[in-house]
Amino acid sequence: MSTPATPLLQVRDIRKTYGARIGCTDVNFDLYPGEVIGIVGESGSGKSTLLNCLAGHLAPDAGEILFNTRADGLKDTLKMSEPERRMLGRTDWAFVHQNARDGLRMGVSAGGNVGERLMAVGARHYGNIREQAIDWLDRVEIAEDRVDDRPGAFSGGMQQRLQIARNLVTGPRLVFMDEPTGGLDVSVQARLLDLLRGLVREMGLSAIIVTHDLAVVRLLADRLMVMKSGHVVEAGLTDQVLDDPQHGYTQLLVSSVLQV
Amino acid sequence: MTEERPGVETDAYNFAYLDEQTKRMIRRAILKGVAIPGYQVPFASREMPMPYGWGTGGVQVTAACLTPEDRLKVIDQGADDTTNAVSIRKFFERTAGVETTEHTTEATVIQTRHRIPETPMTEDQILVYQVPIPEPLRFLEPRETETRKMHGLEEYGLMHVKLYEDIARHGEIATAYAYPVKVEGRYVMDPSPIPKFDNPRLESPALQLFGAGREQRIYAVPPYSKVVSLDFEDHPFDPSKADHPCALCGAENTYLDEVIMDDAGGRMFVCSDTDYCATRQAEGHRGAQSAPFTEAAE
Ligand SMILES: Nc1ncnc2c1ncn2[C@@H]1O[C@H](COP(=O)(O)OP(=O)(O)OP(=O)(O)O)[C@@H](O)[C@H]1O
Ligand SMILES: [Mg+2]
Ligand SMILES: [Zn+2]
Chain Y
227 MSTPATPLLQ VRDIRKTYGA RIGCTDVNFD LYPGEVIGIV GESGSGKSTL LNCLAGHLAP
287 DAGEILFNTR ADGLKDTLKM SEPERRMLGR TDWAFVHQNA RDGLRMGVSA GGNVGERLMA
347 VGARHYGNIR EQAIDWLDRV EIAEDRVDDR PGAFSGGMQQ RLQIARNLVT GPRLVFMDEP
407 TGGLDVSVQA RLLDLLRGLV REMGLSAIIV THDLAVVRLL ADRLMVMKSG HVVEAGLTDQ
467 VLDDPQHGYT QLLVSSVLQV
Chain C
6 MTEERPGVET DAYNFAYLDE QTKRMIRRAI LKGVAIPGYQ VPFASREMPM PYGWGTGGVQ
66 VTAACLTPED RLKVIDQGAD DTTNAVSIRK FFERTAGVET TEHTTEATVI QTRHRIPETP
126 MTEDQILVYQ VPIPEPLRFL EPRETETRKM HGLEEYGLMH VKLYEDIARH GEIATAYAYP
186 VKVEGRYVMD PSPIPKFDNP RLESPALQLF GAGREQRIYA VPPYSKVVSL DFEDHPFDPS
246 KADHPCALCG AENTYLDEVI MDDAGGRMFV CSDTDYCATR QAEGHRGAQS APFTEAAE
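Protein sequence lines, in the order shown, are assigned to chains Y and C. Basically my numbering = 1-based index in the first sequence + 226. Basically my numbering = 1-based index in the second sequence + 5.
Just chain C, same shape as in the assembly:
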């Protein structure tokens, strides 16, 4: 049952931490999820050596997907160097001994919190999302028995009530994160708290897997699935683009983070996807605030 892995630092762990039986259970849930796009498959979430809210669902899905040949990238809000991303990457370096990378193009498995990489993904890649709340209907219907029935019977009017409330209150659909989608014309799904800017890229050549640890749910969007963001005829879905280019790489079509630069309140907007931004800069692209080629910035 257990695989012996040369090069794994501590032999107290099985490859990728979870025992093979648990991984098989998770893979079965993943396969079921792939077979029924957007459907939330219950699974027996395991205790992981990190607190809930740190992506235990995503970590278990990643553990069940990894092979020794994989190259893993982990991002948190688009960045590879946040505490969360670093600790998950280290975790798999230690327990699976897999190679890791910060480059989207080099990764075979990417675990993410809150973003889809800007760089287009390919059929050879798997994107694993960390999901806090998998149930899109919970906002208005807290009863689990009732939301399951609604999914089962395709009764999704309530999802539009939420969007109606948005427009009534704010004059437009103000939902900016976790914007609900319908997958393959059947299940309504919460794409996890990615910005709605990323929603169009949910239609992807890559396999997308969603893991919710505390809530014990796994769901999937298979490659090339149709993913439609819900809206009204007279208030069509708008992924909303930033009104300025990235201050560092000049990109005009990326999701930007606001960065405070100094005590005087100076700020700039830069790509939230740090790998994408750095790669563009390495290719010679420049934004309004980027350092000149040779001199150091002051």
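Only chain Y is shown next, with the shape it has when bound in the complex:
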């Protein structure tokens, strides 16, 4: 906690274009262990593009993404072999999709969904896998007697909590989230945010959260990056940026929220 630690993630000059159109460009930042960074900006500003580049789902055109691996220290994830990167995706990294259906196996029980990552890294004791699955369902407030139900039988909020359990069960160090509360009712959002905040603190997780919703970053993010047209136009501590925005676009963003 107190070590003036090496960043967990160092992002350097990331650029991704779609033909002539800019997805995101010139993105630079460091993420420290236990830190949560929020990425906000209007629709089409490049948030998802950036997140998918960071998580290895998209190949950027340029830049470096250095991750502090357990075994070998800082490594450029873009230069890793595919097996190595996929292994990170199953162990130290987690990805929470906006649409739970994209992040869950709908044909598999809740327990199987949570257990999959354990089995993917070699767990072969049914009783232990099930016990851990039930423990994680409990941590995301899903009752034990739902462990054999398929996600289709769950509400949207429950599906999202299941997706979170499925991702966190292997104790990742870095979680990517794309609009994790999008599409949910306001009261359901609030409960999910509470839960996420608790888990992030308890597990000392580092996270990068993409959202439209300034209330989400206010609650979860230590620092904030504001994106517009593929560029990061402002970055800083969340409270500072929200309370004293410097860039004209951020000022607009903040004021438009206040009107809601």
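Please keep in mind that the hints were generated in silico from the structure rather than gathered at the bench. One or more of the hints may lead you astray.
Said to hold, decoys possible - With a straight-line Cα cutoff of 30 Å, these simulated DSS-like cross-link-like pairs (lysine-lysine) come out:
hint, chain 1, residue 1, chain 2, residue 2
1, C, K154, C, K187
2, C, K154, Y, K305
3, C, K37, Y, K301
4, C, K167, C, K95
5, C, K37, C, K231
6, C, K154, C, K95
Chain Y is already provided as a structure; the job is to place chain C with the ligands on it using the hints.
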């Protein structure tokens, strides 16, 4: 290129129906399969004069393996006399003019659907399986691009998710057919819909070849390959043995079929491997329902 074969009924066909170029293509796929045990090799499956689902993959592999000196046996669910088995046997009698047999011990090539013969096989034999769905991961991951990647990177956690679901739902691994195996510590393979009872005999002195016609895949288990049925530490693989002996030959260690005997619902359990059962009976073994030695049964 073409071989002239005296004794083949119709000279419209090349030996064993397929032209030599096609057979060479299939043999290359087979060799690659043997070199990489359990790996699904794509091949350009040909139209055969029988519908898919009738073992066109197995037939093409058999055609590519047969030599004029071979003796062929064809079984379907263990029996030599079902429509499927008879028509495939006739097909090769006509197109290859090879000898055929119903005896496992006399056959050099055996094409099978759904069973491994009970009689232990030897190094001089080839067992050819008809495979409907070669991809064991498809149940949970329908995307072919993704399953290929999983095989390539040896990411097999998903296979255990399927077994997990089985136990969660049924209290035990309920998969009774097409029970997934890992071959030579590397590739996870679907052994085709044989009963899991047969899985231990996948470790065999014989060469085993698998042909999927519609799916255009060939794979192989070379002689003496290590073949491990997947399981959990606390739910070990159980090939499960029938709890009664064969009613006809008294065998206590074979895979049994249930046979309805009369309209009154009378039934008995008999060896699914008809050659094995008949051979035992010819040797004098008797089961509870078998006819006495001399009198005819009523
Ligand atoms: N696959 C693609 N092909 C072409 N252009 C794309 C593609 N994906 C995104 N873009 C473009 O890149 C830019 C950034 O899109 P991105 O999806 O990253 O925005 P976003 O900030 O996540 O938006 P939203 O808030 O609506 O999710 C947009 O102009 C978008 O149209
Ligand atoms: Mg987006
Ligand atoms: Zn018998």
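Status of the hints after comparison with the structure:
1. K154/C with K187/C: 17 Å, holds
2. K154/C with K305/Y: Roughly 19 Å between the alpha carbons, so the hint for K154/C and K305/Y holds.
3. K37/C with K301/Y: 37 Å, violated
4. K167/C with K95/C: Answer violated: K167/C to K95/C is near 40 Å, above 30 Å.
5. K37/C with K231/C: 18 Å, holds
6. K154/C with K95/C: 41 Å, violated
Hint violations for this structure: numbers 3, 4 and 6, all remaining hints satisfied.
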